[in-house]
Structures are given as C-alpha cells and as structure tokens.
Amino acid sequence: MEIVVCAKPVPEAESRLRANSAGSAFDPEGVKFVLAGYDESAVEQALLLKQEAVGSKVHVVALGPPSRTDEVLRASLALGCDSATAVEGGVPPLDDPVGTARGLAEAISSLSAHDLILFGKQAGDDEEGLVGGATAEALGIPFVGFVVDLHYDAGASRLRFGRSVEKGQETWESPLPLAVGLQQAWNDPRTATLPAILRSRKAPIARRAAGAAAASSPRSLSARFALPPPRQGAKMIEFKSPQEAAEKLVRLLREEAKVFP
Amino acid sequence: MSETVLVVGEPDGSALAEATLEAVGVARKLAGPDGAVVGFVGGSDGASRAAAFAGAGVGRVLLAGDPKFDRAPPATLARPAAAAAEAVGAAAIVLGGTTFGRDLAGSLAVAFGATAANGVIDVERIPEGWRVRRAVFGGRATEERHLEGGKVVVSVRPHAFPAATGPAVPLASEPAPAKEVPGALVAPARTAVAATAQGSGPSLADAAIVVSGGRGVRAPENFRLIDELAASLGAAVGASRAVTDAGWKPASMQVGQTGRTVSPQLYIAVGISGAIQHLIGMVSSRVIVAVNNDPTAPIFRVADYGIAADLFEIVPVLTAEIRRVRGK
Amino acid sequence: MVDFSLSPDAESLRDLARKFARTEMAPHAAECDRSSRFPEEIYRKAHALGLMNLNVPAEYGGSGLGLFDQCLIVEELAYGCGGMATTVIAHCLALEPILLGGTPEQKQRILTPFCASYQLASFCLTEPGTGSDAGAVRTRARRDGDGYVLDGEKAFISNAPHASLYTVFATVDPALRHRGVTAFVVPRSAEGVTPGKDEEKMGHRASATSTVHFEKVRVPATDRLLAEGDGFSLAMRTLDHTRTTIGALATGIGQAALDHAARYALKRETFGKPIAEHQAIQIKLANMAQEIRAARLLTWYAAWTIDRGEKGSLESAVAKCFASDAALHAADEAIQTFGGYGYMKEYPVEKLLRDAKLTQIYEGANEIQRTIIARELLRGYT
Numbered sequence: 001m002e003i004v005v006c007a008k009p010v011p012e013a014e015s016r017l018r019a020n021s022a023g024s025a026f027d028p029e030g031v032k033f034v035l036a037g038y039d040e041s042a043v044e045q046a047l048l049l050k051q052e053a054v055g056s057k058v059h060v061v062a063l064g065p066p067s068r069t070d071e072v073l074r075a076s077l078a079l080g081c082d083s084a085t086a087v088e089g090g091v092p093p094l095d096d097p098v099g100t101a102r103g104l105a106e107a108i109s110s111l112s113a114h115d116l117i118l119f120g121k122q123a124g125d126d127e128e129g130l131v132g133g134a135t136a137e138a139l140g141i142p143f144v145g146f147v148v149d150l151h152y153d154a155g156a157s158r159l160r161f162g163r164s165v166e167k168g169q170e171t172w173e174s175p176l177p178l179a180v181g182l183q184q185a186w187n188d189p190r191t192a193t194l195p196a197i198l199r200s201r202k203a204p205i206a207r208r209a210a211g212a213a214a215a216s217s218p219r220s221l222s223a224r225f226a227l228p229p230p231r232q233g234a235k236m237i238e239f240k241s242p243q244e245a246a247e248k249l250v251r252l253l254r255e256e257a258k259v260f261p
Numbered sequence: 001m002s003e004t005v006l007v008v009g010e011p012d013g014s015a016l017a018e019a020t021l022e023a024v025g026v027a028r029k030l031a032g033p034d035g036a037v038v039g040f041v042g043g044s045d046g047a048s049r050a051a052a053f054a055g056a057g058v059g060r061v062l063l064a065g066d067p068k069f070d071r072a073p074p075a076t077l078a079r080p081a082a083a084a085a086e087a088v089g090a091a092a093i094v095l096g097g098t099t100f101g102r103d104l105a106g107s108l109a110v111a112f113g114a115t116a117a118n119g120v121i122d123v124e125r126i127p128e129g130w131r132v133r134r135a136v137f138g139g140r141a142t143e144e145r146h147l148e149g150g151k152v153v154v155s156v157r158p159h160a161f162p163a164a165t166g167p168a169v170p171l172a173s174e175p176a177p178a179k180e181v182p183g184a185l186v187a188p189a190r191t192a193v194a195a196t197a198q199g200s201g202p203s204l205a206d207a208a209i210v211v212s213g214g215r216g217v218r219a220p221e222n223f224r225l226i227d228e229l230a231a232s233l234g235a236a237v238g239a240s241r242a243v244t245d246a247g248w249k250p251a252s253m254q255v256g257q258t259g260r261t262v263s264p265q266l267y268i269a270v271g272i273s274g275a276i277q278h279l280i281g282m283v284s285s286r287v288i289v290a291v292n293n294d295p296t297a298p299i300f301r302v303a304d305y306g307i308a309a310d311l312f313e314i315v316p317v318l319t320a321e322i323r324r325v326r327g328k
Numbered sequence: 001m002v003d004f005s006l007s008p009d010a011e012s013l014r015d016l017a018r019k020f021a022r023t024e025m026a027p028h029a030a031e032c033d034r035s036s037r038f039p040e041e042i043y044r045k046a047h048a049l050g051l052m053n054l055n056v057p058a059e060y061g062g063s064g065l066g067l068f069d070q071c072l073i074v075e076e077l078a079y080g081c082g083g084m085a086t087t088v089i090a091h092c093l094a095l096e097p098i099l100l101g102g103t104p105e106q107k108q109r110i111l112t113p114f115c116a117s118y119q120l121a122s123f124c125l126t127e128p129g130t131g132s133d134a135g136a137v138r139t140r141a142r143r144d145g146d147g148y149v150l151d152g153e154k155a156f157i158s159n160a161p162h163a164s165l166y167t168v169f170a171t172v173d174p175a176l177r178h179r180g181v182t183a184f185v186v187p188r189s190a191e192g193v194t195p196g197k198d199e200e201k202m203g204h205r206a207s208a209t210s211t212v213h214f215e216k217v218r219v220p221a222t223d224r225l226l227a228e229g230d231g232f233s234l235a236m237r238t239l240d241h242t243r244t245t246i247g248a249l250a251t252g253i254g255q256a257a258l259d260h261a262a263r264y265a266l267k268r269e270t271f272g273k274p275i276a277e278h279q280a281i282q283i284k285l286a287n288m289a290q291e292i293r294a295a296r297l298l299t300w301y302a303a304w305t306i307d308r309g310e311k312g313s314l315e316s317a318v319a320k321c322f323a324s325d326a327a328l329h330a331a332d333e334a335i336q337t338f339g340g341y342g343y344m345k346e347y348p349v350e351k352l353l354r355d356a357k358l359t360q361i362y363e364g365a366n367e368i369q370r371t372i373i374a375r376e377l378l379r380g381y382t
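Chains as they are written, first to last, in the numbering used here: chain B, 1 to 261; chain H, 1 to 328; chain E, 1 to 382.
In short, the hints are calculated from the structure, not lab data. Positions of the beta carbon are idealized from the N, C-alpha and C atoms, including for glycine. Some clues are possibly wrong.
As the list claims (entries may be wrong) - Capping the alpha-carbon separation at 30 Å, the derived lysine-lysine pairs in BS3-like fashion look like this:
#1 E:Lys107 with E:Lys45
#2 E:Lys19 with B:Lys202
#3 B:Lys50 with E:Lys19
#4 E:Lys357 with E:Lys345
#5 B:Lys32 with E:Lys19
#6 B:Lys202 with E:Lys45
#7 E:Lys311 with E:Lys45
#8 E:Lys267 with E:Lys197
#9 E:Lys107 with B:Lys32
#10 B:Lys57 with E:Lys345
#11 B:Lys32 with E:Lys45
#12 B:Lys202 with B:Lys50
#13 E:Lys267 with B:Lys235
#14 E:Lys201 with E:Lys345
#15 E:Lys45 with B:Lys50
#16 B:Lys258 with H:Lys68
#17 E:Lys107 with E:Lys311
#18 B:Lys202 with E:Lys107
To be verified - On the chain B side, residues computed to face chain H include the following (Cβ under 7 Å):
#19 Ala156
#20 Ser157
#21 Gln169
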C-alpha cells in the first residue's frame, strides 16, 4: 500500500497566544511549529499500517514556509516515514483551508501512487477540519472523517475502520483508494530514537510550489484574532421564585449569551 | 439583501437533525427578508425529511433520492449538493457542524468552487463575501475570517444558534439535478452503527454543553438531578474532583486540572465551589453558569451568570423550563 | 564569530531528552527516591531511544555524540531526575576509557555487542582506601601467563550491582604508584567478580552504588587497555572528558530548583500578595538564575573546547566545580522559598538538595577540581 500522510505544522502546545499588532491574526513571532495532535496520530497510524501491510511505504507531505514544514517533515521521517515532500504555501494566508487542499492535491497527484491518504481530524490551531475532504474531492477520491481503529485486510484488499459520531460508533469498510480524517490511532504515538533523529536531519526532502489551483482558489482570510476578555464576575440573577430564576436564565442564555439550550 | 441559500439536511432517523434546523435559522438570516432558503436532502426516505424542512418553514426542497447515498460517506453528497445549489442560484450553502456536516463541508467547497468555514458561531454577509466567527486553539481564542469570492460553504457550531421552528409552510419538493457520482466515491460503506455504551449523552471531550455536579449535590443518588438537567440539554455530564474522589462518579468524568479540560459552548456548574483545580479544567468555556447556595463561592468570579440558591430547588425547575422551551 | 544559539539538530536532540525526562523519568522520580528503586524499565526505554550509549561512535552501535550534544541531553535528563541521569553518565564514563585507549579491534569486539542490547557498564577506580589519590589504588593485577589475575576491592561504584561490564583500574606494582596503574575491561561473567549490595544513599537513590570485589579474576592481555602503567593517565584523560557532563547534570538539577521555586513564588501569597513580589524572594530567585545561567554557559564552553580537540582540563574543572556549587545553592534556596512545605518529602525540592550534594563530591571532589584549576591556571603565567 502506498500511504500518504498530510501533516500541518502547528504552534507548540505551550505557545503563548497573541494577536499581531493589527489584531488581525495570530502572531507567529517566536512560536515553534511542530507535528502534534491528530496529525501526529495520523503519522503514527500510517506507520502502524505500514507494519500491518508489509511492503507498504509512507510518504509525508506538509504545506507552508520551509522553516515550518521542514521541522514537521524531519520529525515524521525520524518516526519512520520513508520520504517527504514540502509544498511551499505560496498563497498567503497560509491557513486558507481550500487553497491548502488544492496545493496538497496537486503534490499528491504528482507522486507515483497514493492508495490511502491520512489527515488528522483537525489542526490544533484553527480546528477547521476542512482540508481532508477538500483534498479528497480535488483528487476524486472518497473521504471519511472521524475515523478510529483503522486496519487493512490484505486478503480482501479492504480497509476496515470505525467512525466516531455523536450517537456512538459506526463500522465501515472500503476498498482503496480512500482519504481518511483520523481521530485516533490504535496506539499512542511512538517516540523517535536519537539515531533516527540524527539520520532524519540529513534526509532529502522533495520540494514543490503550491501551484496555480491553490493560487486561484477563493480565499478565507484572517480578519481578527482575539483572546476572550477577562471575566468580570457573574451577573447574579435576581428572582422571587425558582421558576422566575429558571425563566430568566433561559432567556439570558438565548438572547444575551446566544447559547441556545 | 436578497439571496438564495441552500441548506443541506442531515438525516436523524426519518427526521432532520437539530443541527440542520439551526442551519435553517442561520440561512434565513443570510438570505434576508426577501431571499429564499432551499433545502437539500440526499438518500432514500427523503419525503419525511422534506416534510421536516417544510415544518420549519422551508417549502422548497430538492431531493437526490438515490439509495446509494444511504450508507455512503457524507462527503459523497458534495457534487449533488453543489449541483443543487447551482440549479437554484444559491451563493451560500449552510449545514449543521456535526460529524456529518464537517465531513461534507470540505468536499462541498471544492465541488462548489467556494471557500469554506467549519463550526462558525457567527456569520454575516459583507461586501467582500461573508464574515464568520469561530473558536480556535481549543476555545482559548476566537477568530474572525473573511470568506471571499462569490460562493461559500459554512457549517454552524451545534447549539450556537436557535433551531428554526416554523411557521410551517406547504412542501414543494422536486428532484435534485441528476449529478453523476463516480462509483469510487460511493465505494466506502457503513456496515453497522452502535450507540455509545455510556448512556445516550455525548462524550465530555466533544460536547457543546456540559453540566457538572460538585460536592453540593451531597449524595450519589442526587446526581440524578444533574443527569436530568444534562439530558434536557443534550449535554455531557461532568463532575468535580470531590465527587470522583468520593467514588460517586468515575474518574473519567472529572473536569479539572488532573482530569479533563473541556471548552464547550455552555458549562453549567451545579453545587461546585470553584477551586482553582476545577476552574483550570473549564474556564475556557464560552459561557459559564453557576448554581450554588453560597453567593461568595469562587465559581461566581469566573461564571457569566449566577444563581445563588439551593440547587435542589433550582435544578428541577430549570430542567422543566428547558424541556418546555425545547418543546420536549 | 560566536553563536550562542542551538542548531536545529542540537535542538531536536535536546527536545528528545526533554520529552523523555518529563514524560518517562520525572513521574517516577519521587517513588524511586523514596524506595531507593533502580528503575530498569526506564533505563531500557532510554537504551531503546539511543539515550544510553551517548559517547560511543555509531559504527559500534552508539549514538556517536560530541561532548556538547551529550551535555544538552544530560542537563535535560537531570532535570527529570538526578539519580537516573547519574546512571546514564556513569555508564558513559565506564565506556570512555575504551574509546580513548582501545584499539579498533578491542572497540569492535567489546563495544558492538555491548551496545546492541540494553546493558550497563561501571567505571571502577575508587577504592575504600583511595578516592582523590587515584595513583594509590591497591587493586592488584599480577601477570600470569599471557594474562593477569586481579585481586582487590572497589567502592562507591555506580551501576555496579547491575553492570555486565567493568572498566577496572588496577596496579601491576604498588611501589610504582601512579606509574603502575593499568586499565582493564572485565565482564561480569568472569569468575571472581562480585558486586556488593546497593548502598543506602542520601540522594541519587534511583542510581545503584556498591562495592565490587575482584577475587583471582583472570583477565586476558587482550582485554588490557594500552600498556601497563598507562592506566593513570588514561583515567585522568577520561575524567577530563567526562567532568563536563557533571556540570550539565548539576545545571539540570539547579534549573529544576529554580523552576519549582519561581512557580511556587507566583502562587503562594503572604501579607496580601504573591511572595514573588517580596524582595527577599526576588533576591533569592535572582541569585539562583544568575548562577544556573553561568553554570550552563561554563559547561557549554568547556564542552565546545573539548569538542575542538583541546585537553580542556581547566575549563571542565571550572564547569564541574561551579555548576555543582550552583546546584547546591539553588536547591537550598528553593527549599527556603517553599518554607515549611520545602521541608516536606511530599514536595519535590528537598530531593534536589540531596541530589545536588553528590555533584560536589563524585567524579573528582570540588577540592581536587580547585587544585586542578589552580595548577592549570598558573601554567598560563609561567
């Protein structure tokens, strides 16, 4: 099986969240971008499948500026991925989901083969979860998200997996090719060994530009980034009876807080 | 503003998911007083879902009635839904931001030639396109995005908008434009569904609403009050460390520094005093409500709304009021 | 041109060690300290990740790191637990004489199988009667045919109860003093090798320390490093090399002390405000921060000097001596910052003082370090 994993460089978990001076976007100054969260699980899942389906290869792709993509790609190579491609996200902003998807799709279609494409369910920063489905559509491949427990049945040439939904868990099967948004790998992510880390720092990374489709895609632009204002203390509801308190609270939640129970 | 907005319906049994009705409310606002909201349903049993649209005030519904969509991935509906939007002249497609909607949104954006945003908590039309607001970084910050170009796909965060309730209108359903969907896209098949082992509530990690009980509940059998309030809201149930340490609830339900961190739309803390260890687990919730006998309890410092009263008097009445308002 | 920033390569090594220390070592540090438990499962994981054989070249199956990179790793490990870090550096210390004095044949034959699986080594120089005066070792190596017979007792040997390999310094003739000292590599499996029981220590309790008895142990000449009489200078060159890593270990302990103290000072309130806003605490934190920064930079400088091929005796002695004193001061002030809580075993800072103390004693007591510094220094004025 030829497996492709798409990994997004995201700010390290402990990063301080700050808006830029215009208040229009997250300020990346001094922030370290790493492989993390659901994307880290996707790399782990790809490597587990590689063990399960002997002879498989894992290719990892990341889109963005080299200072960010290279860290993520080297970390993935150190974990055991076989090869890597860095797609230079030429169209600002770099967090435009559909533009990113088109850039990834073009890079993936230029690979010799892609049977299974793994995405993390959503990125730790923007949490959009759009890129997997969009990339799959651009490639003409089916897409299933919220996947858990992904296995390959080589005898039947089918993937078998679960899908975690609001009501519970669905069971699925699919032939190849398939694109998957992974919620959870069947093991905790492994740690790269020191020799593998040293080797990965010298490994080659293929490079390509994001391409025309990404550049001409209609855009999603960050206009404002804000931390919530510090809380001032509760608005205490005045009431003469429990019924009045309940009615007032529900009304405030609907009309003022705009959280609709 | 006068626009046509398409809403993609999510099946829930033979009805529409509540998230779809929330999407209808948003679509109505985007369409403007002179605009139109059109429904779209894929798969068999479209008639009852179309009826549900009409009951919520959406009379025109396009049906892509092919049974091959029933067990196929939600993303499979991307091309038919995009074709339906083109056919009715819709510039915007709105869906509920559930697992169904989120899976479909990305594919739909590419099929429709649009840009997209998932899980928005606010959306409005602007000259450049649309402006949306979303929670990011696990709820620790919010962003506003401008979605440019003439077309957009937006999924709305569950429980962030009111469900459209009508008034009902006559249904005028029609077949959606026939759109060829390659066999490869319908090849993945759902073979089974199993309901969550732990009751019917959502998991703490993903829930849009969480109701937590603390030491003020006094005894394990009283937790029933918390469970009923949660059920009335479709919420997940959490607990403070005092409760899990006492063995009233399993450790997996503990919200706090050494338990789980949650950032739902709405967090209701019942009988919880607000020790720092608990606050760390829930303080990034969008809206916090606290019910506690003690008006000086620290929880009221971080809550948005507070009711200083006996929870045994307030909670059952609140549960009943919520049920009444939701029509259950 | 000087550059104090870490290369991306160095950062990734440091990050690996940091992650291991904080997720695998630190959670068990208190428990191992309390029960004096040797956490073999943690050392096995360290070996699997390439965090054990730091100084052994890759061609023999080690991680092949220069001294600077080793120091980055050791500081992070010590931040997690001083005792567990000592197991690692004592292990590397035992292998260093083989790297410095072994023939290619010896290195290949001894190191390759050793590094391939989880095994520990011990550096056996100190004896009950001789520590700082290394030239006065009394363990005898008598020539016998084409080999030697070893007799004697070593003391305070790290890893000894668990080691499969011992690098032993014995004398072929006590009358020759340091000119008789000779180095040997002895497997645990050799008949007559008996490690003692694990000593009850003040700190570094996750590290195992014991005597090792050698009774009529046969060692072939092919397991002798260099020639007879070369052992003392081999031991000194080894310690020149490894002294710097103690500087890194002490820096890690000191940094942990500073981090605990600063975080506590921001939370604990007295007289209406966090104690971090009181001058008395600010001065403590400032002193700790200065000394730990200096310790780290002195360690880096010594490592950089030795990696360039220089002897580095002066710089490594400065680093070891300063950093170990800094760690002790920092741990002491951290306990004071915590007040009564600092005295309780439930809180992590009293362990740091017990762990810091050893860094002033082992691998060359600080008194010896100061005489080395003076001697090397004065050379520059003559």
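| If you take the shortest Cβ to Cβ gap from Ala156 (chain B) to chain H, is it below 7 Å? | violated (13 Å)
| Straight-line alpha-carbon gap Lys202 (chain B) to Lys107 (chain E), limit 30 Å | holds (26 Å)
| field | Hint consistency between Lys311 (chain E) and Lys45 (chain E) [alpha-carbon to alpha-carbon, up to 30 Å] | value | At roughly 33 Å apart (the allowed maximum being 30 Å), Lys45 (chain E) and Lys311 (chain E) break the hint.
| message | For a C-alpha distance cap of 30 Å, please report whether Lys202 (chain B) and Lys45 (chain E) respect it. | response | The hint holds at about 25 Å.
| request: Sort out whether Lys32 (chain B) lies within 30 Å of Lys107 (chain E), counting only the CA atoms. | output: Status violated; Cα separation ~40 Å.
| query | Within 30 Å, alpha carbon to alpha carbon, are Lys50 (chain B) and Lys19 (chain E)? | reply | holds (25 Å)
| task | Decide if the proposed pair is consistent with the structure: Lys267 (chain E) and Lys197 (chain E), CA atoms, cutoff 30 Å inclusive. | result | The hint is violated at about 43 Å.
| message | Please verify whether Lys201 (chain E) and Lys345 (chain E) have alpha carbons no more than 30 Å apart. | response | holds (16 Å)
| task | Given the hint that Lys357 (chain E) pairs with Lys345 (chain E), test it: the Cα-Cα distance must not exceed 30 Å. | result | holds (17 Å)
| Pair hint outcome, Lys19 (chain E) versus Lys202 (chain B) [Cα-Cα no greater than 30 Å] | With Cα atoms ~22 Å apart, Lys19 (chain E) and Lys202 (chain B) stay inside 30 Å; holds.
| Do the alpha carbons of Lys202 (chain B) and Lys50 (chain B) lie within 30 Å of each other, as the hint requires? | Holds - the C-alpha atoms of Lys50 (chain B) and Lys202 (chain B) are around 23 Å apart, at most 30 Å.
| query | Holds or violated: Lys267 (chain E) with Lys235 (chain B), Cα cutoff 30 Å? | reply | holds (27 Å)
Checked against the numbered hints above, the structure violates hints 7, 8, 9, 10, 16, 19, 20; every other hint is satisfied.
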